[in-house]
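Colleague: Line by line, the protein sequences are chains A and B.
If you're matching positions, the first sequence starts at 1 in the working numbering and goes up one per residue.
If you're matching positions, the second sequence starts at 1 in the working numbering and goes up one per residue.
I should point out that these hints are in silico values taken from the structure, not numbers from a laboratory.
The calculated lysine-lysine pairs, modelled on DSSO-like cross-linking and capped at a C-alpha distance of 30 angstroms, are: (1) B:Lys-105 to A:Lys-48; (2) A:Lys-70 to B:Lys-87; (3) B:Lys-178 to A:Lys-48; (4) B:Lys-33 to A:Lys-70.
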Amino acid sequence: MSPEECRTVFEMLSEYIDGDLPADVCEHINQHIAGCAPCVQFVESLRKSVSAFRDFRPQENPAPLTDEAKAELARAYAAMLARRQSATPAR
Amino acid sequence: MNPVVTSDPELARALLNGEAGAFDAFVSAYRGKLFNYTFLMCGQREDAEEVAQETLLKVFESFDQLREPDRLKSWVFRIAKNFCLMKRRKSVFAPEVELSLDELKPARADGDAIAIDIADWSALPEHAAANAELREVLAAAVRDLPEMYRSVFLLRDVEELSTEETAQILDVSLDVIKTRLHRARLALRQKLDQHLRTSKGVYAG
Ligand SMILES: [Zn+2]
Numbered sequence: 001m002s003p004e005e006c007r008t009v010f011e012m013l014s015e016y017i018d019g020d021l022p023a024d025v026c027e028h029i030n031q032h033i034a035g036c037a038p039c040v041q042f043v044e045s046l047r048k049s050v051s052a053f054r055d056f057r058p059q060e061n062p063a064p065l066t067d068e069a070k071a072e073l074a075r076a077y078a079a080m081l082a083r084r085q086s087a088t089p090a091r
Numbered sequence: 001m002n003p004v005v006t007s008d009p010e011l012a013r014a015l016l017n018g019e020a021g022a023f024d025a026f027v028s029a030y031r032g033k034l035f036n037y038t039f040l041m042c043g044q045r046e047d048a049e050e051v052a053q054e055t056l057l058k059v060f061e062s063f064d065q066l067r068e069p070d071r072l073k074s075w076v077f078r079i080a081k082n083f084c085l086m087k088r089r090k091s092v093f094a095p096e097v098e099l100s101l102d103e104l105k106p107a108r109a110d111g112d113a114i115a116i117d118i119a120d121w122s123a124l125p126e127h128a129a130a131n132a133e134l135r136e137v138l139a140a141a142v143r144d145l146p147e148m149y150r151s152v153f154l155l156r157d158v159e160e161l162s163t164e165e166t167a168q169i170l171d172v173s174l175d176v177i178k179t180r181l182h183r184a185r186l187a188l189r190q191k192l193d194q195h196l197r198t199s200k201g202v203y204a205g
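Taking the hints into account, I'd like the entire structure generated from these sequences.
Modeller: As structure tokens, then:
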């Protein structure tokens, strides 16, 4: 184990835990980690952290959509559909 | 008579064809998601609701310009990101800070060449976000992320968009997305690590 190697591994850990690394690079990291207790600890903590934050949603929900705001959206939608309908037969 | 919409491409087609129920299905599928993103990007409830409404309005106005129905979600979030940026220009924002890897890497334990200084992560419950105190810690950590990292974290890890989609939304390269995601995750991990040290054992069992 050399700190330089730990550093190289450290820089690639997100791609490593996402499974986004080429097979040979992934294998290289596996081999390093197999013999490096600090890296094992760190990878585990990063995995747990990523999974905790993935589940995170703020407590706040938007206020219910007002009739006025919904009508504004519905008008925009209807206008888009009308424009599309009048444009299509012309082609 | 309402279409059974199971995927974004189907939803996009149903909307474009003016199918009954598609409008409501879209609003209910996307309004909460958009608010979640805009709230964490703007920080203010009022701004976040305004940006979510502006985004939905723009989406409905220009839905016929969506070229690829498969890309509905990234198209919608790109619009949301642009409205967030416009909102930002009107208010005072902290300057963008780069997160440095050196500050995010684990410190060596005192007097030890190998061991690292790390909290006891076994104390973290499996469903951390379900715990009220931890949820507050998670929320504060996300708010504290510099904006360019927060945006990548929200799109990649919370909204589960791909690196490619996130790069399209934010107009940066794939490598920039990968770098920012990694630093965002490391910064969030560091906040949680600090919290676990001060609350040792509280969540165990
Ligand atoms: Zn190592």
